[in-house]
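Kindly produce the complete structure, drawing on both the sequences and the hints.
In order, the protein sequences belong to chains A and B. Residue numbers for the first sequence follow the working numbering, beginning at 293 and rising by one. Residue numbers for the second sequence follow the working numbering, beginning at 79 and rising by one.
Each statement offered as a hint is correct.
In silico DSS-like cross-links for lysine-lysine, where the CA-CA straight-line distance does not exceed 30 Å:
id	chain 1	residue 1	chain 2	residue 2
1	B	Lys-132	A	Lys-527
2	B	Lys-169	A	Lys-357
3	B	Lys-169	A	Lys-394
4	A	Lys-413	B	Lys-169
5	B	Lys-256	B	Lys-208
6	B	Lys-132	A	Lys-413
7	B	Lys-169	A	Lys-527
8	A	Lys-526	B	Lys-132
9	A	Lys-526	A	Lys-413
10	B	Lys-304	B	Lys-169
11	A	Lys-313	A	Lys-468
Honestly, the hints are just simulated from the structure, not real lab data.
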Amino acid sequence: MGGYGDIQLLREDGLRLDGRKIDEMRPVSIEAGILPAADGSAMVTHGLNVAVAAVYGPMEAHPRKIQRQDRAVIDVRYNMAPFSTSDRIRPGYNRRSREISKVTAEALESVVLVERFPRSKIRVEIEILAAEAGTRCAGITAASVALADAGIPMRDFIVGVASGKVEGTVVLDLDKAEDNYGQADLPVGILPNTGEIAFLQMDGDLSPDEYNLAMEYNFKAAAEIHEIMVDALKKRYEGGEN
Amino acid sequence: MVELVPTLLRQELARLAEADQRMDGRERFEAREVTLETDCLYNAEGSAKVTMGKTIVYAGVKFEIRTPWPDRPAEGSLMCGAELRPVAHRKYEPGPPSPESIELGRVVDRGIRESGCIDMSGLCIVPGEKVWGVMIDIHVLSDGGNIFDACGLAAIAALRTAVVPAERFDVGEDYTLKVNGTPIMASFTRVGGRYIYDPSEEEELGGDERIHITLGDEGHLHSLQKGLRGVFTPAEFAEIFDVAQQRCGELRNLVANQEGN
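Here it is as structure tokens:
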């Protein structure tokens, strides 16, 4: 979280720089089954973020040492394309993407019925094509839809959403400027049907009350995105228009 | 991952070749439908998405300011790289760049570089101190066969829409990158004993060597590459070269039409 700086993130009229209300999320659209080579796939456009997820498997887990006798392992790779950010990113895995991959895999392992596939591996590839704050959340949402598209049994979806704090005010779904100059960021992965949380990170400064409000916003947004996820899958399998 | 080449697939492809047919019903030199979209990625200074059948490829252009090479103090640079990430197919695994992805990036790079469509001296900001480095990154999202042509098309289309972000680097005003020409690649794979254009995934799996031809606006050759095990005769090359001339012209028109919109 950067300093307060001289950038004003909230306008006089109480709206945000991009005209959104405090508890309004950026537009989200989701398409399932976009990659023909994959067993399941999805593209999530969240504001200006574009996240693509592909699922392969369940397949044989190798190297052997990663095998679990009682369940499948989920192998997640979160990767930002070199052209996804303002300054080009050198291709390859870095510490940030390794950490995000790890916690995303652990979140997904908590909803996928991994006990059904002992000794196997499910590969989840998350590619960020365009980044504007909130890519890990868009990636989690995309991964959930891609897993469902691949027909992998799950007890629930995970919806990736984030709230944060700018200029002392809790706001839903930080954009780039708010993420850079804001005071806190709280990305979570919510199970929309059970109301449980499978993914949680936070940095910055939030009071307990602010945390509660941020979470409230997150749950509200998760319900909205959940509907869009379901629609995307219905469209794919019911042969709706497009 | 070891790829198993099913004998049955090879036999079937040979049988079809005998009758001058292809698995998906195409003619020998018939292409799959190609779609091209440009300016489709936020944050990339130039971008393109290409689909060819089940193949999906994105290319993005980024700029950076660097110090020039000592032996070319007044010239910028161009770099084109391709990533065959595990997202694109179950046969691709994570790790350092594979020989396949290096070959792919370098073949596309040569076609663009050697066509001379980018004037390297035009990328100079302050001689001996500051020049633009242009980077084209190609991201294969779905490998459904013939990724070389898809990557080549995406790369040049992205480059042709690129805007030099001079304002962001505090070296003047943004301007459209000058690109003189549209080099296009056409690739052929030997399947069932004879060359076909625009191989599908199955045709690549059960096929043999491949030839990549990159042609400039005037029909001149700018890059050639033979990949995989196999040999060809001059007569075979002459035949596919004619096809390449025609096909490159069509794809060049596709790029021009996209820009016209």
